[in-house]
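Colleague: These are the residues of each chain, in order.
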Amino acid sequence: MQDQERLGPAERELEQALAALRPASAKIDRDRLMFLAGRTSARRRSRLWQCAAGALAVALAAALSAALYARPAPREVERVVYVTVARPPAVPAEAPAAPIATPEPGRWRGEPYYLKLRDEVLAKGLDALPAPRGPAAQPGIPDRTRFPLLRLNDLLRGEQL
Amino acid sequence: MRHATTILLAILGATGAAAAQAVLGSLAETKPAEPQPEVIRLKAAPAAEPRPALTWLLLPEYLDQTPGNAAQLYYLAEQHVPSGKAAHEWEVKISEWLRTPLEKLPREQIRSATDHYSSALRQVELAARRERCLWDLPIRSEGYRLIIPAMSKYRTLARVLCLKARLHTADGRCDKAVHELQTGLAMARHFAAGPTLIHSLVGTAIASVLLEQVDTLIQAPGSPNLYWALTGLPRPFVSLRDSMECERSTLYLHFSQLRKPGPAGLTPQQWQAVMNGLWQLMAEEAPPAEADLRNLAVSVYMYPRAKRFLIAQGSKPAEVEAMPVQQVIGAYCLDVYEQNRDEIFKWFNVPYWQAGDGMERSAVVLQEATKRHKGNPFLALLPSLSRAYFLTTKLDRKIAALRCIEAVRMHAAAHGGQPPAELSEIQLVPIPADPITGKGFGYKVVGDTVMLEAPAPPGGSPDDELRYELTLTK
Numbered sequence: 001m002q003d004q005e006r007l008g009p010a011e012r013e014l015e016q017a018l019a020a021l022r023p024a025s026a027k028i029d030r031d032r033l034m035f036l037a038g039r040t041s042a043r044r045r046s047r048l049w050q051c052a053a054g055a056l057a058v059a060l061a062a063a064l065s066a067a068l069y070a071r072p073a074p075r076e077v078e079r080v081v082y083v084t085v086a087r088p089p090a091v092p093a094e095a096p097a098a099p100i101a102t103p104e105p106g107r108w109r110g111e112p113y114y115l116k117l118r119d120e121v122l123a124k125g126l127d128a129l130p131a132p133r134g135p136a137a138q139p140g141i142p143d144r145t146r147f148p149l150l151r152l153n154d155l156l157r158g159e160q161l
Numbered sequence: 162m163r164h165a166t167t168i169l170l171a172i173l174g175a176t177g178a179a180a181a182q183a184v185l186g187s188l189a190e191t192k193p194a195e196p197q198p199e200v201i202r203l204k205a206a207p208a209a210e211p212r213p214a215l216t217w218l219l220l221p222e223y224l225d226q227t228p229g230n231a232a233q234l235y236y237l238a239e240q241h242v243p244s245g246k247a248a249h250e251w252e253v254k255i256s257e258w259l260r261t262p263l264e265k266l267p268r269e270q271i272r273s274a275t276d277h278y279s280s281a282l283r284q285v286e287l288a289a290r291r292e293r294c295l296w297d298l299p300i301r302s303e304g305y306r307l308i309i310p311a312m313s314k315y316r317t318l319a320r321v322l323c324l325k326a327r328l329h330t331a332d333g334r335c336d337k338a339v340h341e342l343q344t345g346l347a348m349a350r351h352f353a354a355g356p357t358l359i360h361s362l363v364g365t366a367i368a369s370v371l372l373e374q375v376d377t378l379i380q381a382p383g384s385p386n387l388y389w390a391l392t393g394l395p396r397p398f399v400s401l402r403d404s405m406e407c408e409r410s411t412l413y414l415h416f417s418q419l420r421k422p423g424p425a426g427l428t429p430q431q432w433q434a435v436m437n438g439l440w441q442l443m444a445e446e447a448p449p450a451e452a453d454l455r456n457l458a459v460s461v462y463m464y465p466r467a468k469r470f471l472i473a474q475g476s477k478p479a480e481v482e483a484m485p486v487q488q489v490i491g492a493y494c495l496d497v498y499e500q501n502r503d504e505i506f507k508w509f510n511v512p513y514w515q516a517g518d519g520m521e522r523s524a525v526v527l528q529e530a531t532k533r534h535k536g537n538p539f540l541a542l543l544p545s546l547s548r549a550y551f552l553t554t555k556l557d558r559k560i561a562a563l564r565c566i567e568a569v570r571m572h573a574a575a576h577g578g579q580p581p582a583e584l585s586e587i588q589l590v591p592i593p594a595d596p597i598t599g600k601g602f603g604y605k606v607v608g609d610t611v612m613l614e615a616p617a618p619p620g621g622s623p624d625d626e627l628r629y630e631l632t633l634t635k
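For the record, the sequence lines run as chains A and B. Take 1 as the starting number for the first sequence in this note's numbering and just add one per residue. Take 162 as the starting number for the second sequence in this note's numbering and just add one per residue.
To be clear, the hints were calculated from the coordinates, so they are not data collected in a lab. Because the structure is a prediction, the values reported are computed rather than measured. Fair warning: there could be bad hints in the mix.
[What the hints assert, rightly or not] Pair ranges (Cβ atoms, derived):
1. A:Leu-64 / B:Arg-533: 22 to 30 Å
2. B:Asp-503 / A:Leu-64: 52 to 60 Å
3. A:Leu-64 / B:Asp-297: 42 to 50 Å
4. A:Leu-64 / B:Ile-308: 45 to 53 Å
5. A:Gln-50 / B:Pro-429: 26 to 34 Å
6. A:Cys-51 / B:Ser-302: 45 to 53 Å
7. A:Cys-51 / B:Lys-535: 53 to 61 Å
Cβ coordinates follow ideal geometry from the N, Cα and C atoms, glycine included.
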């Protein structure tokens with residue numbers, strides 16, 4: 001009180017102004033916070049996407065250029081048909097020995113389908129026809145299809161033909 | 162010391178280079194021998210027309226045929242052709258015996274070797290006398306992916322039939338030799354009637370091998386005159402009509418959406434599927450991703466050219482610009498393909514002697530188109546077929562030439578053993594023309610020897626010529 005009495009008019013005015021102030025609680029503006037977080041995140045993503053898109057574009061351009069330059073030469077379609085009909089068969093390295101030239105290993109993926117076979121035959125003649133696969137009659141072994149009784153015995157023994 | 166080594170190396174290098182140059186020069190001067198056409202030399206006696214005239218036939222006659230489908234029996238025969246090392250040795254022997262003169266044939270060895278094939282040959286004998294042969298291959302559903310049954314063993318069987326015919330001829334059993342020829346030629350016809358070009362070529366090859374034995378049979382003592390037997394063979398012996406229709410259509414069988422695209426044409430997705438499918442066909446099962454990449458790259462490459470092409474063909478520029486890229490490229494590729502395809506196939510509608518030049522031109526046009534329309538995957542599906550047409554006609558030429566030989570023998574039998582001075586002198590039977598040229602065969606007589614000639618077609622090799630020399634015996 002004594003102090004109050006000692007205050008001048010200007011100081012009293014200041015005191016009243018300060019007394020009129022109401023303390024405010026420390027408060028986070030949630031909406032603004034979310035906005036700022038979102039914006040920051042979006043900015044980061046945007047840069048990442050731009051970088052990724054740029055890198056992909058460069059990679060695609062490089063791949064297309066490589067594909068254009070490295071593509072196989074166009075196929076020549078002039079084909080000479082040469083049919084050898086009486087050529088003696090070549091001696092094979094090992095049995096099973098077929099006199100007909102067989103395609104290179106791995107040439108056919110699966111069975112020799114028509115388009116490939118036709119082109120091979122037109123280019124190389126009928127020697128390009130692949131040798132048949134699967135079992136065939138073996139010399140020295142009785143041909144059971146010629147002897148029905150043998151087949152019947154096989155069946156009775158439960159063997160498959 | 163270092164200088165001496167350098168000088169020595171330089172001398173050695175110069176000497177080596179000079180030696181290499183000399184060797185290369187001498188190699189360059191050595192030219193390969195010019196191939197000569199094969200001359201078929203026959204010695205045969207005059208032979209009159211058989212009585213009745215059609216006593217001898219080179220295909221099974223109607224009365225000998227039985228109902229049923231031959232194809233199943235051929236498949237069965239193929240399974241019973243021996244294989245393995247021993248079989249290979251027999252095949253080598255068979256090839257040798259086919260070139261051995263009749264009088265030197267080891268008959269017992271041949272009988273023993275051919276006996277190994279008796280099971281397979283029996284099936285072929287039955288099949289050859291069936292009324293029809295339907296291979297029943299699913300070409301309509303499979304298109305270019307059709308799996309062709311193995312056919313190489315049928316050529317082995319044809320050679321064994323030839324050897325048996327040769328053996329019977331050596332034994333003086335012309336009737337049995339003709340029976341084997343009937344079997345083999347019927348098999349050739351059945352194969353040639355298959356749906357694909359491969360069937361036609363296999364049939365042609367089998368018939369060609371069999372007809373070589375007619376040369377042998379003619380020379381056998383007391384051999385019958387086979388003029389009417391040869392004349393009774395179908396002409397053409399191998400018709401390419403069915404296989405060419407199939408070839409022309411296979412693209413549309415494979416990609417059925419191309420045949421019925423709907424009123425608005427194919428969608429971009431359908432075009433893309435077709436192009437990807439084509440690239441996969443070309444690249445032997447390339448992974449779809451690779452086909453996609455190639456398709457994309459080719460599209461970038463071809464799009465401007467495709468637009469120009471369509472506009473040049475009459476499409477409105479605005480319409481072309483409005484079309485999706487895949488549609489522009491697909492329409493362009495297919496249009497180029499169809500134009501070139503028909504340039505090739507149209508020539509199969511006329512005889513070879515009229516088609517030969519046109520077919521050669523169409524092959525050149527296709528070559529140029531392949532360069533001009535680089536990257537068009539459809540064009541790679543078009544084969545050059547002129548050689549196939551030549552080979553089937555060459556077979557007909559062989560038959561026609563043998564008819565001429567038999568006509569000469571028939572004429573000689575009626576004229577005291579003397580051959581005609583000109584083919585036109587022969588009045589007993591009609592004389593065929595050369596199916597390759599559409600003109601008569603070259604003919605001249607030198608002493609007792611008759612020479613019959615036919616040239617190779619333009620651009621052909623000496624192997625494509627035909628020359629017979631028939632010496633008439635008493």
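Colleague: Indicate, hint by hint, whether the structure satisfies it.
Modeller: Hints and how they fare:
1. A:Leu-64 / B:Arg-533: 22 to 30 Å: holds (23 Å)
2. B:Asp-503 / A:Leu-64: 52 to 60 Å: Since B:Asp-503 and A:Leu-64 have Cβ atoms about 35 Å apart, the given range 52 to 60 Å is violated.
3. A:Leu-64 / B:Asp-297: 42 to 50 Å: holds (46 Å)
4. A:Leu-64 / B:Ile-308: 45 to 53 Å: violated (36 Å)
5. A:Gln-50 / B:Pro-429: 26 to 34 Å: For A:Gln-50 and B:Pro-429 the Cβ distance comes to about 30 Å; the hint holds.
6. A:Cys-51 / B:Ser-302: 45 to 53 Å: 50 Å Cβ-Cβ, so the 45 to 53 Å window holds.
7. A:Cys-51 / B:Lys-535: 53 to 61 Å: violated (37 Å)
Of the hints listed earlier, those the structure fails to meet are numbers 2, 4 and 7, in rising order.
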